[in-house]
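Residue numbering for the sequence shown follows our numbering, beginning at 127 and increasing consecutively.
I should point out that these hints are in silico values taken from the structure, not numbers from a laboratory.
Please note that a few of the clues may not be correct.
[Said to hold, decoys possible] Below, a list of computed lysine to aspartate or glutamate pairs in the DMTMM-like style, where the Cα atoms sit at most 25 Å apart: (1) 229 - 322; (2) 229 - 277; (3) 229 - 274; (4) 236 - 358; (5) 229 - 270.
[Stated by the list, open to error] What follows is a set of in silico ranges between Cβ atoms, one per label pair, in the way DEER data are often shown: (6) 155 - 274: 16 to 24 Å; (7) 235 - 457: 22 to 30 Å; (8) 145 - 431: 26 to 34 Å; (9) 383 - 244: 52 to 60 Å; (10) 244 - 420: 35 to 43 Å; (11) 129 - 460: 15 to 23 Å.
Computed from a prediction, not measured in an experiment: that's the story for all the values here.
C-beta: ideal position from N, C-alpha, C; glycine also.
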Amino acid sequence: MTGSARRRDRRVYLGSHPVLFALLAATRRRPVRRLGHTVVVHDQEAFRAALTRVPLDRTAAGTTGGAAGELAGAGALFDQQGVEHRDTRRDTAALLGAAGIAKVRPIWRKLLDDRLPALETGGTVDLVPLTAEIAGATAAELLDLGVDPVELAGAARSAAAAAARTHLPGPRRWWSSADGPAERLLDLVAPGRPADAGLTAMLAVAAINTTVAALPRAVAWVCDDGLWAHADNPALVDELLRVTAATPLLPRVAAGDAELGGCPVQAGDRLLLIARHAAEAHSRDPDPEHPAPARTSQLVFGVGPHACPGAGLARAQLADLLTALAPYRPVVVRARADRQAALPGWRSLTVRGTA
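Build the full structure now, drawing on both the sequences and the hints.
Given below as structure tokens:
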């Protein structure tokens, strides 16, 4: 291991979210740290406790639920509580479960079959627009949307980026607003605004943005770390998703008093739950022969009632992408961080076949 994979991946944070990266790096030496009315949580057990034992305000400004409400209106899963949340989460899990994956898998496999043969003769492929098309086509099929996949992906990425700029640490632009991109997304996925418009929009946003953030980063790591011989090992998929941690932090707000890692938490405190550090993504490189325990790697998808129902879909997409790329033994020839994206990712990641 030369460290080139980690150095390249670090560029994603430095290029797209430098203020956030600096904050996380400066506070990670303490498992839980209070900064005014913000509690930054790095520790694994405190991270779990925050999602399973601390009462959370699901609609507070600056949280995922709050952003969901601003983006798409109420009823978008992330802002729901109690029975409503459980019912919606159950339905979403069924949509993204084994049957749902089997339904959409031929779609992304065909895209891979169509696009990747260019690598056979030493040609190049930019994986970012490819994964965006895969994500858009997958979301459109799962949500039964008769829209262009590329247009859907673009709208979902723009809406998420605009929402993130209003909530994440970093410079603000006076003209920044999530309203315009949110309206464009809703016009595309829910014309007429049916009752489930918010849920449809947020599922599209979550599925598309995490896919476009995670898959190219994972491939870049495999290229730089020389892991193609392990491409068919399921453990590599889990390890790559762990170290890339597409959603590196979960912003939440406490709805009641609690304690995390010895640090008192009061109602109204903002919680920054650092999934990247809880899953040891910052310190433990992917090792398919000696992977991190499942209890650790799962943390990038949340835990308990707040676990991401799309984890199986993410694993299936990455597994198929690695399997399809492996025969070409690609290398990265050009990479540019996305400075506008909601999640740390590449704006362009071009690979060339070498086999």
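For this session: Kindly indicate which numbered hints from before are broken by the structure, ordering the numbers from low to high.
Result: 6
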